[in-house]
Structures are given as structure tokens and as C-alpha cells.
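Student: For chain G, the structure is supplied; the task is to place chain F on it using the hints.
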Amino acid sequence: MAEAEGWIRTAQENDRLIIAAGGRWVLATSAELDRRLRAVSPGSASSIVIDLAEVVALDTAGAWLVLRTQQALAAGGRRSVGLENIGARYLPLMHQVEESGGRRQHLLPPSYYRFGDFTARIGRITIGLVKRGGELLGFVGLIAIIAFRALRHPSRIRFTSLINHMEQTGVDALPIVGLLSFLIGVVMAFQGADQLRRFGAEIYTVNLLGVAILRELGVLLAAIIIAGRSGSAFTAQIGTMKVNEEVDALQVLGMDPVEVLVLPRLMALLLTMPLIAFYSNIMALAGGALMAWATLDIPFSVFLQQLQGAISGWTFWLGVLKAPFFAGIIALTGCYEGLRVARSAESVGRQTTRSVVESIFLIIVADALFSILFSRLGI
Amino acid sequence: MDTTEPARDEAENDARNGEGSVPAIRLRELEARFGRRTIFQDLDLDVRRGEVMGVVGGSGTGKSVLLRTIVGLNRPTAGTVEIFGETPADLDQTARRRLDTRLGVLFQDGALFSSLTVAQNVQVPLRENLALSESLIEDITRLKLAMVGLPGDAAAKYPSELSGGMRKRAGLARALALDPELIFLDEPTAGLDPISAAEFDILIGDLQRSLSLTVLMVTHDLDSLYAICDRIAVLVDKRARVGTLEELLRDPHPWIHAYFHGPRGRAAEVAARDGGTLPTEAS
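Chains as they are written, first to last, in the numbering used here: chain G, 912 to 1290; chain F, 2 to 284.
Next up, chain G with everything else stripped away, as it sits in the complex:
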């Protein structure tokens, strides 16, 4: 057999079984050795000798295999199993492995499945959700208190931080919001024109665009992008600070983390979100106008004229009015989830995902509620 491999050979002498081991007894060869050692049967032998004379390399895995075989063959002391010719240089290793080996311990956290676990899980999740809802509501209350305090003493508002966050959430978001809104405008105009052409009512594409974008899509699109972009950033920023104990440091230094971290982000988003929604509206309409001109031959002046007829003064405001509410949802869930981060990097990722999913969910729910409200009010 090749020198580089590990091998065993068994020989029977009367009632003595000799297992000669040789070659490399290391981790790399241990899979094969393990298989062969398990196949060794003591038969009728009353004493067994494991001869390590020809072992040329031994590491912990190899040493463990030797000792395990010794223990297994001894079968609780009914047979004598001796080790012979252990190289002197392997003695410390054998000793160490012998000391450490054979300990029983659980390697995995216990996990049992019992009947009814599924129902219990549903219950746990439901209770968790209700609890979180309550906590989030409590958080809104806390923010309200701190915000009023800050408004009474405007010197407590951190303007540098506020401006910084306005830049990050507002100005820096313009390219992506603009591009996506523009493309949505293009797509809507194209699809709308396709359908309306069948009735010879292509010109009403403009009405469709105007109402859909200004009332719903512009602000919704902007809110979803900002939730993905800034809400996640809020969670990750605050979460990382939580992991580094920076939030605790703030507290110890006598600063209120909510006032220092949450308030500037909330205010920044409340101020920039309506502007972003407005910008999103304009870009989507521009996309629609371009498409109307390209496929329907509606010149820009006609587009504007038709748009003015299609929308009332309210249409625009009904859309933009929703922006601060969406901003509140994004900032509050983002910061809340950030503050809930536990002290591990994994938790930052989990809370960030959760924050984005939650805020988009809440935005769409809020949008639906607004629709109901507006239809009840007849506007």
C-alpha cells in the first residue's frame, strides 16, 4: 500500500488479535481508516494489541481513532486491549486526546417536535405580532412626547444632524426616485394608450396618467423607494450603533438616544418626503408626456391643456398629503427596528429586512385606508 496512506492489517495468533497500524493517521485519511476500523471484529480473541510501530504521521483525528478503537474493542473491560510501539513524539498527543476524548455532550440545541407545535407556533407568532404592535404604538407615543419637548425648546433640535439626514434621505435619493418614476410614467402611458385606442379615446391617456400618478402612484412609488433606501439605512445605522454599544454610551453620557438618533431622522423624512413625492409626480408625468408625444402624437402643449382639464386642485394635494404620513411610518419603523437590534451582527441584518417589509406593508395599508377615507368624504 502506498506510503502516503494510512492502513491497518490484522493478524490472529491463537487468541491474540494483532492490529498493525501504519502510514499516515491524519484527518485526511481518517474517513477511510474509520470505515476499516469499524469493520474489525474481535472474534474469539481474548486479548488484542494495536501496534502503532509503522505509523509515520499522527494527528488528533488519528489518535482519536486509535483510542476509540481501543475503547470499543475492550467492550467495557471484558477484553484487554493494549497499545504498542507508540512513537515517543506522539505520546503527548495521545495523552491529550485521551484526556479530552470520550466526553458525552450535546452538540446541538435540543429540538423536539411534538404534536400541537404548529398550533403553538401560530399562537406564539400572533401574540408576538400583537405585542409588537403595542410596542410600536408606545414608541409613537414616546416620540410624540419627545418631539413636543423639542418643539418647546427648539435649541434641543440637532440641526446639523437634521440637515445631514435631509441630504441623505432627500437629495441623494433624487436620481433613483426620478428614474423609476419616469419609467413608470412611460410604461403607464404606453399601456393606457394601448387600451384606450380601441375606443378612439387616446387623449384620455392624459387623464388616466394625471389622476393615477398624482393621487396614488407618485407618492406611493416614492414612499416604497424611500422605505427600501432610507428606512433600511436607519435600521442599519442605529442597529450598528446598538451593537457597538454606542446607544448605551449616549444614554450614560446623559443624552436621550431617541432625541439624538430618532428625532432628526423623523423630522428630516417628514420634511423631505412631500418634496420627493412632488418630484416623483413631476418625473412620472414627464415620462408619460414623452410617451404620449412619441406614440400618440400628442404634443406637450396639448398634454398640459388636457391635464389641466382632467385634474382638480384637490387631486395633487390628496396625493402629497399622504407623504408625511408615509414618512412617519418609514422613519418610525426604521428607527424602532434599529433600536431593537440585539448585540450581534446577524441581528442587524434581520431587523433591517424586517424594517423594510414592515414599512412597505404599513404604507400600503395606510394608502388603502386613505382611499376609503377620501371616498367617504367624497373627494
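Calculated directly from the structure, the hints in this document are not laboratory data.
It is possible that some hints are incorrect.
Claimed, not checked - Stretch-level coverage of chain G by chain F, calculated; a stretch enters the list once three of its residues show a Cβ under 8 Å from a Cβ in chain F: (1) 965 to 973; (2) 1004 to 1010; (3) 1074 to 1086; (4) 1255 to 1265.
Fair warning: this is a prediction, and the values are worked out from it, not measured in the lab.
The beta-carbon is built from N, C-alpha and C at its ideal position, and this holds for glycine as well.
Tutor: Structure of chain F alone, referenced to chain G:
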């Protein structure tokens, strides 16, 4: 079996012969630069097989950069790194992986995968590199955890549930999972209480002897230097000055003198002379 890998006993012979054979690590004219800031330059260093080398130096002298450069996490701006006579940068992917399995790294805070339990962390390199039976994997995991002195109930815990000292032990168990010949320790005793630190020193010493490891250890802990390091590399003036402790104690360089003869250096010296690290075994 791969014949390119020198047999284990050969490595051990080398360890005993010390000089003359291929060193475990050989650095020549190594340079690390970040932008216009040079961390070290023309750095030469040999680590012999089977020795424990400590790396010390002031903050910002590039101890961690040196370690990261040797294990291949940083690319040196100039110079060569040789490990067991091979240049990692020149190897193809399979040869590089084979070389990597002969190295183990203990990062500063253990760098355990936080989504896995301690036992699963130790099993990651085993499963990734070898096709072992499940029971053997479990046996080896238990063995390694016991060797680094982790209590039995730690195996099923997640890293976030462990203390700093236990995380380091778990990190060491993972670094030792593949029975590497060369291990790198980045500040193994930093952040541990003195008793745990002394135990950790003893643990590393014991493992080093029984597994005949070569150890490169970045440390600030003077007690560790006295307790287990055969030789010490001091990073000063962008180079490495290597010597045994006795040689460095006589070194007139102002930083080295201040380091070993400062109040802490003297205290560690006294402690080491009195045999005061910790007579008990690591538990």
C-alpha cells in the same frame, strides 16, 4: 494521497532541527502601504517550524496587518510571503486551498459564525474540506472542544451566549479543526481577565507541544511573551527585529527598552521568574 504535502513527521523533524530546513514562514522585503502611509517596508522574518513566535509593537505598527498579509487577507504592496516553502500568491486554487487547510487563524474576538452553534462552527471546516462520517465529525468536534477546555454545555450554545474567553476558546477549536501545522493568533489574551489569560497561555503551550504546532502570535500581553514565546519579533522602524527574550531585553533600541523595562515589563519578568503564571492546568 497528495504527495506534494510533506509528511507530518518530516515537519516534526524540521521542528527539532530548527535551522537549516524550510521555515514555516519566510517573509522577504515585505512592504505594506495604505495610500501614502507605509506600515512596514523591507520586512524580513523567518518563523521556524515548531516554534512559538510572538509579534509585538506599538499601536499602528502593523502587527495585525502583518498577520493578515501572511494569511493572505491583505495583498502586500511589495515583497514575498512563503509558507512551508510555497508562495501562496503563485499557487493555483486547489493548491492554495490545500495550503490553507494547513493554517489555522484565531481572530481577535473569535470571529465565530453567529448563526451557528459552537459545535457547528467547529464542524464548518471539517464538512467543507473532508468527506467524513457523521459520527466521526461529531467525535472530532467533541474532542476539539474538550481540548480547548470548553465545558460540555457550551457546544450547543450560540456565540452570543458565550463570554469573551469562551468565544476565544471556541475560535481556537475551530482554528484547530483541521489539525493545522501553523496557527496564527491575533491577540489571544486581549480582553481576558488575568486568570483566564494565564490559562489560555498554558492551553496554547500545551496544544503547541502535543500537536507540534508552529504558532505566530500577535500580542500585547507581556506575560504571554514570557510564558510561551520562543522568540519575539518586535515591529519597530517599519522592520521586524527578531530575537529571544533575553536578547531583546538587552536591546538598546529606545522603544524595545521602554517596552521590556517599563513597569509592566518588569512586573511580567518578576512573575515569570517566580514561575507565577499559573501552576494549575487549564480547565
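Student: Which constraints among the numbered hints does this structure fail? Numbers only, ascending.
Tutor: 3
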